[in-house]
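We have chain E; now place chain X onto it with these hints.
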Amino acid sequence: DVKVTQSSRYLVKRTGEKVFLECVQDMDHENMFWYRQDPGLGLRLIYFSYDVKMKEKGDIPEGYSVSREKKERFSLILESASTNQTSMYLCASSSGQGDYGYTFGSGTRLTVV
Amino acid sequence: AQKVTQAQTEISVVEKEDVTLDCVYETRDTTYYLFWYKQPPSGELVFLIRRNSFDEQNEISGRYSWNFQKSTSSFNFTITASQVVDSAVYFCALSGLDQTGANNLFFGTGTRLTVIP
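Here the protein sequences come in this chain order: E and X.
All residue numbers for the first sequence refer to the working numbering, where the first residue is 215 and numbers rise by one.
All residue numbers for the second sequence refer to the working numbering, where the first residue is 156 and numbers rise by one.
In isolation and in its complexed conformation, chain E is listed as follows:
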């Protein structure tokens, strides 16, 4: 089975800190995605990547950046964390162009204080 692993389940950071959220998948998937999930808003796409060193902005990229130096790893970076970035962050991967569904990690609940 495909496994998507997010390095932390819970994270507490201070305002202004640089935060790294790591995601690793083990099935050689080309595509990787970062979403944030907030009550009443569902899942919103932050960034995605269809190949190594490639990245595309999603619906809400402001305040975030990403890095994909290796195929299996996709990192989400909060350059200067703010309280409005307190959320659940979900990483996903897929082998096709979204047509085959995504496999999700367990999520990282980030609290910025």
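Since the hints were derived computationally from the structure, they do not count as laboratory data.
Where a beta carbon is used, it is the ideal one built from N, C-alpha and C, also for glycine.
Ranges of calculated distance between the beta carbons of each label pair, as one might list FRET restraints:
| id | chain 1 | residue 1 | chain 2 | residue 2 | range |
| --- | --- | --- | --- | --- | --- |
| 1 | E | Ser281 | X | Asp210 | 36 to 42 Å |
| 2 | X | Lys171 | E | Glu276 | 43 to 49 Å |
| 3 | E | Val226 | X | Asn222 | 40 to 46 Å |
| 4 | X | Ser226 | E | Arg223 | 40 to 46 Å |
| 5 | E | Val266 | X | Thr227 | 38 to 44 Å |
| 6 | X | Val168 | E | Gly254 | 19 to 25 Å |
| 7 | X | Ala236 | E | Tyr224 | 31 to 37 Å |
| 8 | E | Met241 | X | Lys171 | 33 to 39 Å |
| 9 | X | Thr185 | E | Ser296 | 37 to 43 Å |
Relative to the frame of chain E, chain X by itself:
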């Protein structure tokens, strides 16, 4: 525009009751895919079903069934004889082209189902 609407924010049922979760979508694509995911309290989204736009046959998998109606742009999900383990947030999603031309998944806002023992 690509959009998925799950009008039911929260539903509570008593164990063994049947429950239907509604999903309505909008898309400009002629070929697209629809999905349902389950998010239990553990947080991980679990894939339940994928349906392409050319296949309107209803599908049944154990206590789960899905009703895809292109005429009403709906893809509803029914759980028969609900169980406490069905308590979760359920997301409907649509695969389609976003404004950049990339193929992505568009999610509804989710329906939280609580099954009361």
